[in-house]
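Undergrad: Just so you know, we're using numbering that gives the first Met the number 0 here: the sequence shown kicks off at 0 and counts up by one.
Hints listed in this document are in silico derivations from the structure and should not be mistaken for laboratory results. Values in this document were obtained by computation on a predicted structure and should not be read as measured data. Treat the hints with care, as some may be off.
[Unchecked claim] Straight-line Cα separation of at most 25 Å, DMTMM-like style, residue types lysine to aspartate or glutamate; simulated pairs:
hint, residue 1, residue 2
1, Lys247, Glu189
2, Lys173, Asp70
3, Lys173, Glu160
4, Lys121, Asp197
5, Lys121, Asp137
6, Lys173, Glu215
7, Lys173, Asp314
8, Lys173, Asp77
[Stated by the list, open to error] Label pairs and their in silico Cβ distance ranges:
hint, residue 1, residue 2, range
9, Ala295, Glu131, 39 to 47 Å
10, Glu131, Ser274, 48 to 56 Å
11, Arg175, Gly283, 23 to 31 Å
12, Ser94, His280, 38 to 46 Å
13, Met303, Pro251, 17 to 25 Å
14, Glu168, Arg135, 20 to 28 Å
15, Pro144, Val122, 17 to 25 Å
16, Pro144, Ala170, 28 to 36 Å
17, Ala92, Asp161, 35 to 43 Å
18, Gly256, Gly192, 18 to 26 Å
19, His169, Thr272, 35 to 43 Å
20, Ser274, Ala51, 34 to 42 Å
The beta-carbon is built from N, C-alpha and C at its ideal position, and this holds for glycine as well.
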Amino acid sequence: MHNDIFLKDLDWPLTKHNLHRKGGRRSAPFCIMYLWGVIACVPSLAVQTTPAFDIQGHRGARGLLPENTMDAFLRASDMAHVQTLELDVAVTADSTVVVSHEPWMSEQICSDITGRAITNGKVHNIFRMSYEAVIRYDCGSRQHPDFPHQETRQAVKPRLEDIIRAVEEHAAGKERAPLRFNIEIKSRPEWDGIYTPDVGTFAQLVHQIVYEAGIEDRVIVQSFDRRSLRAAHQLSTVWQTALLVSEKAALPEAILGLGFTPDIYSPAHRHVTVSLVQTAHSLGMHIVPWTVNTAADMVRLRTMGVDGIITDYPDRAVAVADL
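Take these sequences, add in the hints, and give me the full structure.
TA: Written out as structure tokens, the structure is:
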């Protein structure tokens, strides 16, 4: 594990008083059993099961259906080779965690209550709206300019808890293994208090939903914002953390200053080299690049030894699922 917990750091109740009763010392087997019992109750020692090759549906299945919508996540969850659903979150004025790439209504895909295309997205600030106001916008009927084959349909920005519940029920109904969730906290220092809450509050709101859903051991928290990753790591070491990187960066310098080693390193796929993969692995990290949309790139990256991919077209990833 990247964040080792040593026996000396735990408040063990194995004092001399506890090891003796009425002058008689307890047996070694008893003490060992007691130790294991305590360890089993320490949540931070939980270990996630990571897929051998993790295919993640980006914003559900953005190449096929409107991004970050209920339909997109359910479509991706129907694909047997998809293990993880990748999504982004924002926060409303009434502290509702919503699934949205931006903390405002996108000019590319959203329309207002009258059906008019949004022309100044930042004016439609989600952090200043109630969730009741958020769902009055349609962010699925307009064709995304980068995805001409995407099936358009009316769609609202869903709550994170609703996506989790629906996907869990859908997977159970299909008798398939539960999926994992890769949740990106969309934050920047210049957004604090304007478009987003402070990173501690943001991470806490996400954690509460994840914890109450009982899926903490199937969640990755990712972010470009190192502050958000630190906040997530401080809240829990049950869920995993992933550092998103857009620029070309060398390891281990890229993770210096974070304060811990994240579980996953997620660079833009164009920057991945065999050397980068080997270095990430030597540091104890998995490497899962974004956003990989052609079968040729998928095969190339799998051959390099990456541990998974994030893709707008999870249907195409069947090309590498069985390699």
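Undergrad: Does each hint fit the structure? Answer for all of them.
TA: Structure-based check of each hint:
Simply put, Lys247 and Glu189 have alpha-carbon atoms about 23 Å apart, close enough for the 25 Å limit, and the pair holds. The suggested pairing of Lys173 with Asp70 holds, with an alpha-carbon distance near 16 Å, which does not exceed 25 Å. Between Lys173 and Glu160 the alpha-carbon distance is near 20 Å, which keeps this suggested pair within the 25 Å criterion. Between Lys121 and Asp197 the CA atoms are separated by roughly 18 Å; this keeps the pair inside 25 Å, and the hint holds.
In summary, the hint linking Lys121 to Asp137 is supported, as the alpha carbons are separated by about 16 Å, within the 25 Å threshold. Simply put, Lys173 and Glu215 have alpha-carbon atoms about 22 Å apart, close enough for the 25 Å limit, and the pair holds. Distance hint between Lys173 and Asp314 is fulfilled; the C-alpha atoms sit about 18 Å from each other, no more than 25 Å. Between Lys173 and Asp77, the direct Cα distance comes to roughly 8 Å. Compliance with the 25 Å bound is thereby established for this hinted pair.
The hinted window of 39 to 47 Å between Ala295 and Glu131 holds, with their beta carbons roughly 45 Å apart. A hinted range of 48 to 56 Å holds for the C-beta pair Glu131 and Ser274, which are about 51 Å apart. Distance hint check for Arg175 and Gly283: the Cβ-Cβ separation is about 30 Å, which falls inside the suggested range of 23 to 31 Å. The given range of 38 to 46 Å is respected by Ser94 and His280, whose C-beta atoms sit roughly 39 Å from each other.
Look at Met303 against Pro251: about 19 Å separates their beta carbons, and that is inside 17 to 25 Å. The supplied range of 20 to 28 Å is met by Glu168 and Arg135, whose beta-carbon atoms lie about 26 Å from each other. The hint said 17 to 25 Å for the Cβ distance between Pro144 and Val122, and at roughly 21 Å that hint holds. Here the CB-CB span from Pro144 to Ala170 is close to 32 Å, well matched to the stated 28 to 36 Å.
For Ala92 paired with Asp161, a C-beta distance near 18 Å fails the hint of 35 to 43 Å. Separated by about 23 Å at the C-beta atoms, Gly256 and Gly192 satisfy the suggested range of 18 to 26 Å. For the hinted restraint 35 to 43 Å between His169 and Thr272, the CB-CB distance of approximately 38 Å keeps it satisfied. For the pair Ser274 and Ala51, the beta carbons lie near 22 Å from each other, so the given range of 34 to 42 Å is not met.
Taken one by one, the earlier hints fail for this structure at numbers 17 and 20, listed in ascending order.
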